[in-house]
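Residue numbers (the working numbering), protein chains in the order written: chain V, 1 to 236; chain R, 237 to 622.
Source of the hints: derived by calculation from the structure; they are not laboratory data. A couple of the hints might just be wrong.
[What the hints assert, rightly or not] Under the rule of at most 27 Å between Cα atoms (straight-line distance), these lysine-lysine pairs were calculated in the DSS-like manner: (1) R:LYS446 <-> V:LYS199; (2) R:LYS509 <-> V:LYS77; (3) R:LYS479 <-> R:LYS524.
Being a predicted model, the structure only gives us computed values, none of them experimental.
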Amino acid sequence: MTVQQRRSEGAQPFRLVVVSGGTSDPSSTRMLADRIADRVRTLAEDREEKVATDVIDLRELATEISTALVSQLMGPKMTRAIELLGRADAIVASAPVYKAAPSGLFSSFFHVLDNDLLIARPVVLAATAGTARHALVVDDQMRSLFAYLRTMTVPTSVFAATEDWNSKELGERITRAAIEVLLLMESGFAEKVRSESWKSYQHEYGSAGGTELEIDLSTDLMRLATGGSAKPNRKA
Amino acid sequence: MQFGVFSVSDITRDPVSGETPTEAERIDGILKIAVKAEEVGLDVFAIGEHHNPPFFSSSPTTLLSHISALTERLIVSTATTLITTNDPVRIAEEYAMLQHLSKGRMDLMLGRGNTAPVYPWFGQDIRQGLPLALEHYNLLHRLWREDVVDWEGEFRTPLQGFTSTPRPLDDVAPFVWHGSIRTPEIAEQAAFYGNGYFANHIFWPTSHSKRLVDFYRQRFEHYGHGTRKQAIVGLGGHAYIAKRSQDAVDEFRPYFNEAPVYGHGPSLEEFTKGTPLSVGSPQEVIDKTLTFHDAFGDYQRQMFLIDHAGMPLKMVLNQLDLLGEEVVPVLRKELAARRDPESAGAPTHAGLVQAKYGDAPARQPRPNANRGDNTAGDMPYQDDES
Numbered sequence: 001m002t003v004q005q006r007r008s009e010g011a012q013p014f015r016l017v018v019v020s021g022g023t024s025d026p027s028s029t030r031m032l033a034d035r036i037a038d039r040v041r042t043l044a045e046d047r048e049e050k051v052a053t054d055v056i057d058l059r060e061l062a063t064e065i066s067t068a069l070v071s072q073l074m075g076p077k078m079t080r081a082i083e084l085l086g087r088a089d090a091i092v093a094s095a096p097v098y099k100a101a102p103s104g105l106f107s108s109f110f111h112v113l114d115n116d117l118l119i120a121r122p123v124v125l126a127a128t129a130g131t132a133r134h135a136l137v138v139d140d141q142m143r144s145l146f147a148y149l150r151t152m153t154v155p156t157s158v159f160a161a162t163e164d165w166n167s168k169e170l171g172e173r174i175t176r177a178a179i180e181v182l183l184l185m186e187s188g189f190a191e192k193v194r195s196e197s198w199k200s201y202q203h204e205y206g207s208a209g210g211t212e213l214e215i216d217l218s219t220d221l222m223r224l225a226t227g228g229s230a231k232p233n234r235k236a
Numbered sequence: 237m238q239f240g241v242f243s244v245s246d247i248t249r250d251p252v253s254g255e256t257p258t259e260a261e262r263i264d265g266i267l268k269i270a271v272k273a274e275e276v277g278l279d280v281f282a283i284g285e286h287h288n289p290p291f292f293s294s295s296p297t298t299l300l301s302h303i304s305a306l307t308e309r310l311i312v313s314t315a316t317t318l319i320t321t322n323d324p325v326r327i328a329e330e331y332a333m334l335q336h337l338s339k340g341r342m343d344l345m346l347g348r349g350n351t352a353p354v355y356p357w358f359g360q361d362i363r364q365g366l367p368l369a370l371e372h373y374n375l376l377h378r379l380w381r382e383d384v385v386d387w388e389g390e391f392r393t394p395l396q397g398f399t400s401t402p403r404p405l406d407d408v409a410p411f412v413w414h415g416s417i418r419t420p421e422i423a424e425q426a427a428f429y430g431n432g433y434f435a436n437h438i439f440w441p442t443s444h445s446k447r448l449v450d451f452y453r454q455r456f457e458h459y460g461h462g463t464r465k466q467a468i469v470g471l472g473g474h475a476y477i478a479k480r481s482q483d484a485v486d487e488f489r490p491y492f493n494e495a496p497v498y499g500h501g502p503s504l505e506e507f508t509k510g511t512p513l514s515v516g517s518p519q520e521v522i523d524k525t526l527t528f529h530d531a532f533g534d535y536q537r538q539m540f541l542i543d544h545a546g547m548p549l550k551m552v553l554n555q556l557d558l559l560g561e562e563v564v565p566v567l568r569k570e571l572a573a574r575r576d577p578e579s580a581g582a583p584t585h586a587g588l589v590q591a592k593y594g595d596a597p598a599r600q601p602r603p604n605a606n607r608g609d610n611t612a613g614d615m616p617y618q619d620d621e622s
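So here's chain R without its partners, still in its complex pose (with noise of 0.2 Å):
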């Protein structure tokens, strides 16, 4: 089980200093939530993309890259990459960098973002939206795979005797998650693949998110990956921490009122019944997360929600330490004893290149002398079959 912290890059009015950061000083805020996420024993820290103010999230992989060389367990991921309007030639490329960089703590999540006008912006229409994210996926898993693409679809411009390199670490593609909130297309794409399926889990009752996550796992064993029981489910959950219960109420409540998506609408009160958020004493918010293992089963990865709504620096870092110290290690002790032998694992590329090759060495592509192309000649790469 991997816990974690996952950010949208919003850059907002902290509501209760009235002070805006810049995006100098959020961008090195973001480097020390994540060093720091390490510091205290989480194990993942994931960065959404976006293209627009007031994010700063534009590049993932830059960052990523750079986190992963200020850290040394910490897995680096996405909340999420953009499979609608990114290339997935350039997703297969810069993610198979920063798997090299970061030695393989790496993986990525995939959605079709939120924002309607980054569509056009990168030369997409938006109705299309989830035909273009199924049909860039499954070139993007061909890429990681095939050292050699011949492809031809609708939204891209064909390609014939493509490589994308650098070639996975390992020759292992990077672990991915389908992240999806109500689209059963996208849990069936993760299933067929065996990849991991990811429910954002925030806005809307556990329920709801409930539904997909059991569709998958049922299309997960249908399509011989195992048993829906080994599928590999991921929770996202928003969570404040305060020793005392009162306190983490009274410090919270002005970020939630002002918060952007929910704020000015629902009460705090309210949207704590009605959906994952937990804002309490670690007991409490210990208590809330153990309920999403009553409803979803095992699980392999529960990110957190603590850094946005113009929350400061300090008062995110002490959410880490309070996370860190006294709600995930009880939290582990509690699901350890609660898990079926029978449930997948947590993926990390230790565990994609035990599965891939056993004992055996690993594959380590070694490119041949550079003609200019691949669709001539012998394969790419030495040790291929040619």
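Bound conformation, chain V alone (with noise of 0.2 Å):
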């Protein structure tokens, strides 16, 4: 759907899912992520677009993520996640950094989702620690991350040591994270790549948080389920 259709409708709001890695209530992780959301939600109203905000607390789906880890059982929270995610228009990932690592309760979150579950989709990534060496945890481990997601994420990251807080910088990073990402999904990149180039991806049947669930008839593999050889339709 274009920004002009989105205007003129007047009613669907973009889908903005925050995920946050933050363990404490409240929690710091979750207050920047919180910024961030609030701040596309405020820039998107002066430009007179809605922002509808789910936000998805890890902390509340821990066990359900180790018990994905360790087998393949969706919990109902995780199926919710999954569903908020799979029709997002965009998201803030906000993780906290434990020994100059995103949590492993975030990166497990993330390494449980389909491979194809994110495609395209415009990521912001965030990051709180305390001590600002942990500075570059987001653009040298998050990015990869997501990279291999092969998500949008914006140019800025967002990281917040204690002493950010109190700084107009961190309003500034969170205003510039804030732009960029409204500006992806106003141009419906996500979608775009979808309808376009869905099928240059890999994906498995039912992959996708069980969307992917088309059938391609035409290729070797299903001329070779219904009688022949391999060789003949393989390639040397």
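Quick one: dock chain against chain with the hints and give me the complex.
Structure (structure tokens):
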């Protein structure tokens, strides 16, 4: 849907999903994510657009994430999270830094998602830490994870060490990231990639959170399923 | 509708007693389980195929032919026969032999296997697992239906004028189930040949298995084997039964908690809620199993896993008593009442013979005198058109 359509219909808000790896309540990791999401919403309002935000607090999914890591079972909260992410227009992913890495809970959550669930989705990466020495964790570690998931990660990463919370510059970086992700949502980039190029990515039956159910009957393997031998159909 | 039990043949430490059975004890035990399955009125016993410890079942046809000799009505089957790493010629020969020895009381389920090193042990490449499975079955299908086969493919040395012996009993190929959890190509192959499709239906929710069963039914109809309802569907299931619900949970939990594959993961309660597992009273197991019919419609075979994770033989035999006396009779009645007259009956040798010959006598192949090959001179059997 184009921006013009959204504006003229005035109905469908952008769906923003916050994923927070914070473990305390309140959590600075969640607060950082909320600030980014709020900024996206206010910027959108200035442009007469609406944003609806859903939050996935990973601390509530901790046991389901560990279950999913060691079995094929997805609990009800994981299932809801996957549904939310599957139809998100953009994502804010925020992790606490532990031992110079995004927390295991945060990474594990993304490890158990289907590889093709988030293709081309705009993502703002954010992290919090007790010291500025962890500042490169976002760009050095989180960005590569999201590259694997083939998300459209915005150029500005948001990192907040203890001393940043009171700084004007953190607010400026949040605004920069918020504008970037809003523009990507407005452009309809993710939907265009999905509608024009979805098949060029690797999928499995039932992947993309259980939505990838199209069966191509014209492949070499499907021909092999219906008699004959592999040789004539295979390229040298 | 057929009911049975299937075993993966694991030899697992009993987490309650701390004892691990010997291979000899477990193999003796599985014979008792199979014989008991017939005694309590079940229809099918199936065994897996593995080529590494802690499993014993590397040679399913040897085991199954012995079981068929110990029983009178029981159908023996596999869960699964490895269509990837076995030579399809050996499958054709061994299972035709089993078919003769069991007087047709057998069928088999084909699968790709889930142990990666098995492929290189048998000279195959796991990355080619799916094309291997598809091509191998295409050859197997012909070996049981054509007296003389010329064949050339990617994965096996070519055949010229090859005859697989013995020819199938009554010249009717053994019934084949294609087992698959998430591979549309396998469902397509089952549908193309009009064979059975089996969904393991243990680790995933019913909705997951239903997608490919529905696809298989649709393609079965597409290929003209009958209507969707006439497609032949088998389902796995996983149950632990006790007279009282809470006893079932208490008795099964230590085995569940340390079970291979899913142990040390989800809780018994989560797993029961999210998958087809039922742990409870006979009525609870009946109720949950009937939900399979709600989801899949009429189907032809229900298999239960009841002997894994180190459960001692006595416990398994007790499960068979409860299954045979209290669960299956009710399921038979309930499912018969729900059954659409249009849907297919369960596959049996007698049914296949009837379908092929009607009331005419079945072909009984009688070989010509040996001449060492099949490529020259007359055809190998006396009634073949030469």
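Hint by hint, here is what the structure shows:
no.	hint	in the structure
1	R:LYS446 <-> V:LYS199	holds (24 Å)
2	R:LYS509 <-> V:LYS77	holds (13 Å)
3	R:LYS479 <-> R:LYS524	holds (16 Å)
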